[in-house]
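Trainee: Sequences listed follow chains A and B, in order. Mapping of the first sequence onto my numbering: residues 848 to 1332, in sequence order. Mapping of the second sequence onto my numbering: residues 3 to 677, in sequence order.
These aren't lab readings, by the way, just hints derived from the structure by calculation. A couple of the hints might just be wrong.
Going by beta-carbon spacing under 8 Å, a handful of chain A positions derived as facing chain B [as the list claims (entries may be wrong)]:
1) LEU1012
2) PHE1013
3) PHE1020
4) PRO1051
5) VAL1054
6) VAL1062
7) PRO1072
8) PRO1127
9) VAL1128
10) MET1131
11) LEU1145
12) PRO1324
Every value quoted in this text rests on a predicted model; they were computed, and no experiment measured them. Using N, Cα and C, we set each Cβ at its ideal position, and we do this for glycine too.
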Amino acid sequence: MSTPYGELLIALRPEICLVGGALAVLAVDLPKNSRSAQARLHLSVALGLLALATAYAWNLSAGVPGPLFGGVLTLDMLGQATRAGVLGLAVLTLGITAGTSRLRHPAELVAMILLATAGFTLMAVAQQLLLAFLALESASLSLYVLAGFDKTRPESAEAGLKYFLFGGVSAAFLLFGFSLIYGLTGSIELPVISAQLALTGPSPLLVVALVMILVGFGYKAAAAPFHLWAPDVYEGAPAPSAALIASASKLAGLALFVRLLWPGLGAASGNLSGAAGWLPVVAMISGASILLGNFAALAQRNVRRLLAYSAIAHAGALLLGVIAAGLIGPGALYYYALTYGLATVGAFGVIAVVERSGRCQDITDLAGLRARSPLLAGCLFVFVLSLAGIPPLAGFVGKFVVFTGALQMGGIASPAGWLAVLAIALSAVALYYYLVILKQALVVAPAKGAAPIKVPAPAALALLGAAALIVLFGVWPSLLLGLFQ
Amino acid sequence: MTLSAQYLWLIPALPLAAAAVGALVPRTGRALAAGAAIAALVASFLVSCVALVTALADPAAKLVYNFAWFDLGAGVFRLGWLLDPLTAFMCVMVTFVGTLIFIFSLGYMKADANFKQFFCFLSLFAAAMLGLIVANSLLLLFISWELVGLASYLLIGFWFHKPSAAAAAKKAFITTRIGDLGLLLGLLWLYDSTGSLLFFDGGAGVLEAAALGSLAAQVTVGGLVVSTAIGLLIFCGAIGKSGQFPLHVWLPDAMEGPTPVSALIHAATMVAAGVFLIARVYPLMQADALLAAVPVHALTVVAFIGAITALMGACIAVAQNDIKRVLAFSTVSQLGYMMLALGVGSWVAAIFHLLTHAFFKALLFLGAGSVIHAAHHEQDIRSLGGLSAKMKVTFVTFALGTCALVGVPLFFSGFWSKEAILHAAHGWDVSHLPFYAAVLGVVLTAFYNTRLMAETFFGKPRSPAAEHAHENSPVMTLPLVVLAVCAVVLGFLNTPVWPWLDTMLLGKTEVHGHSLMEGAGLMGLSVVLVALGLGAGWALYGRRTRVSATAPDPLAVKAPRLMAFLAAKLKFDELYDATVGRLNSASAAFADFLEFWVWGGLVTLLARLGEFTGLVNRETDERTLNGGFDNVSEQVRGPGRVYSRAQTGDVHGYLRFLALGFVVLVLLVVMGGAK
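Given these sequences and hints, build the entire structure.
Mentor: This is how it looks when you write it as structure tokens:
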């Protein structure tokens, strides 16, 4: 049987588009020219948007669903939807970049974003350990560069380096875990691994392998106790990079791991009442993240660090969605991750725009945003309330479907139920620190001499788009949830 | 040309888009906001006309389009649109009257600084009202129902710098919410018993035989049938929204809003939503009709509430002096007539009266607005007078509107629709009391309207404002003329000789009305009644007109205590203040005590605990870990290279922590699994 390269080429058209787009952006910018940095940025972003749009269109017509190329890839609803989601989030990130970036090498920035996105889309469809690892690493390497992209600020270099070191170590753990799995089952194909594990049953070595994989996963999702990089990176990285790290990267990571854990390692899940496996570990990580994220966020004075701890708390809830995905499928998790990504991109977008006309580190730097730019304040209002989970915004529906899914697993008096109750209770705590942001933006008067903020058109479009999507998905959840029926 | 039910959403969506435009343009974008609002409503009107043609092609059909909104447990929650003659007539009426009132507002609100906001709110209202009409789901209807309430709140309080307007807006919102609570409970109960909120769904809807049969077969508290109980709860919503006794108190106060608002929302459309609601769920209200052994039928309650409201509104209107308040109580009274018609079994008569009333009452309110605008916001009829010569168009159109409201025979729409209601009430076999109340109401209506006309337009001007009044610009008078024409001709759509509207609404194909002779006796009676009311009004107020603004009212001279009682609106406000208001204050004080001392203490305690935990977390996260390694890095840093900070210190700590986390997790799982 000949290797079906043609099939592979068709399935990977979005990735080809993205990589081609990245190269095109670099090539167009290569000749020495007299264009201003602003013009170069806009040209690069336009090319980048074109590449993303083409990739999106190819993704819609991706061909026959099912495993491809000998099971290396799989085209299923989760893969397709995740691809579409990360492409959309990348579009928003580019919009913010176009409006705010004053970096010296705009084409390289856009090219890195496209390369990272190609990694994300590949993560979404990978069904084999090796490809999964490669996709994850190609995305991560781009993100390390993006985090350290602003060479004029030492904080950015610091963020990039920390992210890289932390990511490198986690990747080592992950790879070690993968190799142990390979040693135990003799395969890197998820279906084969699944069948083998069902035969052999649990062993201490398997537990070590699983926890190693979960270290990699916990790092990607910024879940406690593997979260320590997040606050520093969110604080130091340029705002568009932070937006991408916090949104698209998370969505793709969760899609990859939920595919890895349930269809691949489902036989080794153990259960929540004590049998060894990865399920109790995920539950512990989830509980720790919810607790630590929410309480640590309360004490933050820096708005980016606050968003980082809120991300840790949300990671806990997302892991709860991973647990529940075994029963109700990945739809709820996807919905939560995508809408969370939209709100986070939006929040970082607002920060990016505010930063154009001054500092935006402390929460008090947002004071009087309502007077300085009603558009930014209005969008921030939607994003923060969605993060807090207020109906009718998408954040509420996301929490609702994930928590009901967890409660279905064994009622309220089961470990999953306790986690859901914990998450619901701490949502109330979370409301406090979210409202602190809104209080500064909407109630407190602006600082003396604070000028009105002009919002560049691409950023305004991206922010309004994100806000509109949050409201739309919140009011009409079936648009997304219906995909997974 | 036909309209598929799938595209019905266009009708509310167009004004909604106009509202968005109005919300987004800056305050100076007056022309854009108003233009978008009017254009959208005209477009909506055209779509509604197509919908009407479609619906009338097959009046018996219920064209529905249902779609999934979101998944709920194992099932799917669905919403939908519904097109039948009732929907279509209502849509055409709302968009047509709405367009005229929007145009009138161009002139009336010309000088207002918040002009564009006004049109934004008006469009929002129109969108919500139309959404309410096209809904095929009680939930969608309820959402729109609440949105019209919100729009009404915003518009009553449009001049919020006036404390009375702000208070009236609050009162309207809260009072109607009391009724809405009933509606919400009814909705929940209905969903609980039938598992659906769609009206029509190919046999599975709540208004279709299967669901109605099961609802009518269950008995609940007090021997009530479930369908009766749900029907009465839904009727609570209608009581609140349509200003029925005992929740009518908000409607007169709502006249604090700009007059076009009173015309559109508090006369023609929103207040009629309650009547529409009951007509829409009529199969449910009627489900208990054939059961003999029930304590009460839902429609009997509707009939009595309607009759009480009709009579009470007419009584109070006799003693009011504010031109808009007279009209407001007349609206309360006319809504009572509509409810009465619903209650005695003739929902088509109710809808007929709703449609004719919408036109002539909008006309009267706009006429009042024209007077108020010309007389520099003088609204007291005692201070007006003598306007018939100064404002000819307003006078003639107002007079036509009054004739329609009073029910002057044969040539005015109000006559035919009121006749239909009296006929239905007369034929009701449960009780004749509502009929007598309605008859008395007819006399009073003729009486107080004669008083209103005489005081406002005849005699001599009794204030400088009335002295200097002159006719308004065509942008305000033209809508009056159009509405006046409608107020006359609309009646001919449904006469006993040619009951076209009846057959369309009931979905019959052939026309067979009761003969003219059959109703002749009643018709003669009502001619006599109207003549009696007009004569009495003329004798008291028309023959010798008022000489000065402070002269006593002739009726008040004869029966001072009765008039004072009526002028105080039967003291309903005082009664509610003394009972509900007091109770509310007391419970608020108690809740305040609980809140401040008990819950507040607990929350403070929890908050402190949370803060403490947060601090501890931050300390461990940043001081111990970061700080410790920061110290190390400080020493390593040596001559102070900033760059080194990123390379050393923190990251080592982080990675150690990561490894520690890994080891702890492995140990936990292995030990947990081993036991």
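Trainee: Next step is simple, just say for each hint if it's right about the structure.
Mentor: Against the structure, the hints come out as follows:
1. Proximity of A/LEU1012 to chain B holds as hinted, the smallest CB-CB distance being about 5 Å (cut-off 8 Å).
2. A distance limit of 8 Å between C-beta atoms decides the matter here; for A/PHE1013 the minimum to chain B is near 6 Å, and the interface restraint holds.
3. The interface hint given for A/PHE1020 holds, since its Cβ lies 7 Å from the closest Cβ of chain B, which is under the 8 Å cut-off.
4. The beta carbon of A/PRO1051 comes within 6 Å of a beta carbon in chain B, closer than 8 Å, and the hint placing it at the interface holds.
5. With a cut of 8 Å, the hint placing A/VAL1054 at the interface with chain B holds, because the nearest CB-to-CB distance is about 5 Å.
6. For the restraint placing A/VAL1062 at the interface with chain B, the shortest Cβ-Cβ distance is roughly 5 Å, inside the 8 Å limit, so the hint holds.
7. A hinted interface residue such as A/PRO1072 counts as satisfied when its beta carbon comes closer than 8 Å to some beta carbon of chain B; here the least separation is about 4 Å, so the hint holds.
8. A least Cβ separation of about 6 Å between A/PRO1127 and chain B falls short of the 8 Å threshold, and the interface hint therefore holds.
9. The closest approach between the C-beta of A/VAL1128 and any C-beta of chain B is roughly 5 Å, which is under the 8 Å cut-off, so the hint is satisfied.
10. A hinted interface residue such as A/MET1131 counts as satisfied when its beta carbon comes closer than 8 Å to some beta carbon of chain B; here the least separation is about 7 Å, so the hint holds.
11. Because the smallest distance between the Cβ of A/LEU1145 and any Cβ of chain B comes to about 4 Å, under 8 Å, the interface hint for this residue holds.
12. Hint on A/PRO1324 holds. Least Cβ distance to chain B is approximately 5 Å, under the 8 Å limit.
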